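Chemist: The residues making up each chain are set out below.
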Amino acid sequence: MCGIIGCVGRGDDTLETLVEGLANLEYRGYDSAGVALVGADGLSVCKTEGELSALRDRLEGRDPAGTVGIGHTRWSTHGPPTDANAHPHTDCAGEVAVVHNGIIENYQPLREELEEQGHEFESDTDTEVVPHLIEAALAGGARPEPAFREAIGQLEGSYAIAAVIAGSREIFAARNDSPLVAGLGQDSEGVPPQDGTGGPVFLASDVPAFREHTPHVLYLEDGDFATLDGGLTVTDTDGVAVDRGVETVEWDAEQTGKSGYDHFMRKEIHEQPWALRQCLSGRVDELRGAADIDLELGATLGVQFVAAGTSYHASLYGAELFRRAGVPAQAFLASEYATSTPPIGDDLVIGVTQSGETADTLSALREADRRGAETLAVTNTVSSTADRECDHTLLIRSGPEIGVAATKTFAGQLAALNLLSLATVESQHDRRTLLPALRDLPGDVQAILNDSNAEGIADAYEDASAYFFIGRGLQYPVALEGALKLKEISYKHAEGFAAGELKHGPLALVEDSTPVFAVVLGSGERAQKTVGNIKEVEARDAPVVAVTDGRNDAHLYADHVLEVPETHPRAGALLANVQLQLVAYHVADNLGRPIDKPRHLAKSVTVE
Amino acid sequence: MTVTTAVVLAAGEGTRLRPLTHNRPKPMLPAATRPILEHVLDALVDAGMDRLVLVVGYRRRRVQEKFGPDYRDVPIEYIEQSKQLGSGHALVQARDSVSGPVLVVNGDHLVEASAVREVADAFAADEPAATMAVIERDDPSRYGAVTLSDGQVTDIIEKPDTDDYQLINAGIYGFDEAIFERIEATPRRDGELALTDTIARLVERQRVDAVRVSGLWVDATYPWDLLTVARSVLDRGRVSGPERSAGVWVAETAQVHEEAVLRPPVAVAPDAEVGPETVLGPAVAVGRNVTIGANTTVVRSVLDSDTRVGHGATLVDTVCGQSVVVGVDVSVPGGPADVRVDERVFTDRRLGAVLADRAHIGGAATLEPGTLVGPDATVETGVTVDGQVPENGRVVR
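Same order as they appear, the protein sequences are chains U and E.
Residues in the first sequence are numbered consecutively from 1, following this note's numbering.
Residues in the second sequence are numbered consecutively from 1, following this note's numbering.
In isolation and in its complexed conformation, chain U is listed as follows (with noise of 0.2 Å):
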């Protein structure tokens, strides 16, 4: 899904305006972004792959001067790299710049023919074409106008189009199939004139880019073209001017992309089925007991996984499913391993990290690669940083994440990482008993959304002191990731600890105050243990909150139970996880907590 912007009559804000525009597309998610402005020296363009924050970087000290722009942002799921496919695309001089979304059917041969008469391409786009097709109208005398019809007239396709043009003062759009919507900035009495006159006037795919400037909007119907300069004229095909009415839309830009939620973080927990499926689309084959994640991997003694936060959580899982496949594994924190690596040898290591440029991890893989190490990016984003310099990548599919707090893509990791133990180290046997339980996965958590009472424990105990949370095996990087997401979006005291380590220590903070949530899945010797430590606990008067798939006792001695269906324990490990992202969603909520955007957290930490 991708993004368009444009605004003309913002003056010396014109950049920051298209820049922010973009981010108000956030949720239609990024792979690359660009932007292009006319001022008086002339089309500058800037752009590069990556999340909005690399844009903003490489736009550090160059600040393209114009009073007249264009952006585009773009996202894909499983698409190749895009290093010069991101948009704007330019003509051969330089002079003509064009953002467009949907396809050009007909691109090749115009690119063939474009090509005979000498033009020079640079990406595999089919938008390219468009600006060139530009410059040889503007070769062949025609005026801007004119030429961008000429050019948007030889195209077949869906589009939304829009272009800027070096010595021109105006940006040209079009629009078929593809949505293209403009906004009328008002003047200060904050009337807007019907023909845009007097103030700003932008462009957008969709209204929230610019609905912090103005909530008057025209949409464009297919066929129209739309010139903006100091107002807006809309023409159809034939030229002949058209009326197209101006709306007013009355909701503010903060709700939109979260589709009828309050927050993205709920959004996001509520899309794990859909996220679980992407990541296990075409990887698995239960009834012949195969996986297949299209990576060769060198033949490895061991693994070291690299990460930081919830991705190294996922890490400790993923390390604990490699042990018990017999493969020796252990995990980092990056922003350690970075300066105190460990021996390598001949281990593959792995960095786990949603965005591909948390530079902890980033840094530790970097370490590893410059000794001789085989490398392996866990990630999210096509094309991100890690996605590029390590030496294979496996894509979790979760989607665009937008609250600071991860949790579709925490699922997407450990189902990711069992994916990846399958395919590598674990025997045919493993393959046919862990398959269906991970196909089972989008299902079962559903379950869980359908039914959790999640929110009535969080009303029971949002005024607790602190929160502890315990787990053995595969559930202890569980309760440490439960307490994670508590403390980060609702800022009380929260900390996961292995099940027996209780009473080395810790114990000694509990009291009745401060309830215990208890992962306990399945009947063997790690649950009865943990079900040992819950009477521990019960015993100095805190209430314990037991997370279990109801095949052990852990019930008869909890005060509140969150159910999770009965799975494979891998598995239900991470439906485990979604009960306790509810409990922190709705504590934080009950606390008023602005849990998209918690206080001194970053989405991605790009700084070490």
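Hints listed in this document are in silico derivations from the structure and should not be mistaken for laboratory results.
Here the structure is a predicted model, which is why all the values come from computation and not from measurement.
Any given hint might turn out to be false.
[Stated by the list, open to error] Below 30 Å or equal to it, Euclidean Cα-Cα: the simulated DSSO-like pairs (lysine-lysine) are: (1) K487/U - K597/U; (2) K66/E - K597/U; (3) K503/U - K529/U; (4) K258/U - K83/E.
[To be verified] Residues of chain U placed beyond 12 Å of chain E at every Cβ, according to the derived structure: (5) E150; (6) P328; (7) T341; (8) Q428.
Ideal Cβ positions, reconstructed from N, Cα and C, are used throughout, including at glycine.
Got chain U sorted already, so can you dock chain E onto it with the hints?
Modeler: Just chain E now, kept in the frame of chain U:
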């Protein structure tokens, strides 16, 4: 004036479709391999709507999670109807989100894009007080029958006693903003505001134009109707994904064993797996991520996503919800049956069984024709069941 904003009413549960609506509203039930609402949104987008306002209520997150902030690049705004007090009440909730003329459509039955376009165009061109689509049906007693004179609606009769009428209300309307006040001025019946009551009142005072539409128009009233809906969708090829041979659609990421037999029409959704020697079809829809073992026979059935059918099972005229587990050698032979829903008995329905979400049917169990199994219910190994199993129920030998 053109109509480019559509309001979709998708807040109701559809109680007569219980137990399938336990976890989701009727618009999210499957029409073959995709939700009913997805077909509706396709029709709206294909008809040129560039803004969608979805009124959601019962289990609204299932709708929001599925469609997100936009569908096929058309932005969606969600409006919550927190109490389901009728279709008119639902529409009024969208009042602050629309300006100018709107197209209104029910989100729980399938319509053609051409029908949507015709209503939008007719309303824009003629500017009556309202425009509504009507369609010919031979069973008007299940719907709202409509009488016309000179292309204008003269009366709406909800669920008439006879099948003498020819035309029914197709649930697609063109309105302007005055509709909101008219709904609010309509007296409530049993506390509810039905959109059709408002239109019936409007007919007496002002001009309400009818647009005769044709083509696909299917609605599910009872659970077994999902079998008919699937058949219509399959017969008309309204299936996304590649058509492997005439009437056989297999998604790219689905894995169908080369020794499985697919008898058209059959649709297999992404990531589904079908084992060897299995026979699917005719009129079978296999949902996303469904697993069907070896030597299984499935005829005239809908299996919704994440369902798992064991080796050697036989399913005829069966509707499976999501995450249903059908054990090995389970037999649902199908055939005519008397089905009881609440106090009503429907005689001679062709229904094998309805299995609600997460129902678990143990190996070698037999479900007699017309059996309804509730959500999370368990039928243990080897049991023969006839009749109804309640939510969370357990049938043992």
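Chemist: Run every hint past the structure and note whether it holds.
Modeler: Now for the hints, and whether the structure bears them out:
no.: 1; hint: K487/U - K597/U; verdict: holds, 13 Å
no.: 2; hint: K66/E - K597/U; verdict: holds, 24 Å
no.: 3; hint: K503/U - K529/U; verdict: holds, 13 Å
no.: 4; hint: K258/U - K83/E; verdict: holds, 22 Å
no.: 5; hint: E150; verdict: holds, 26 Å
no.: 6; hint: P328; verdict: holds, 34 Å
no.: 7; hint: T341; verdict: holds, 40 Å
no.: 8; hint: Q428; verdict: holds, 17 Å
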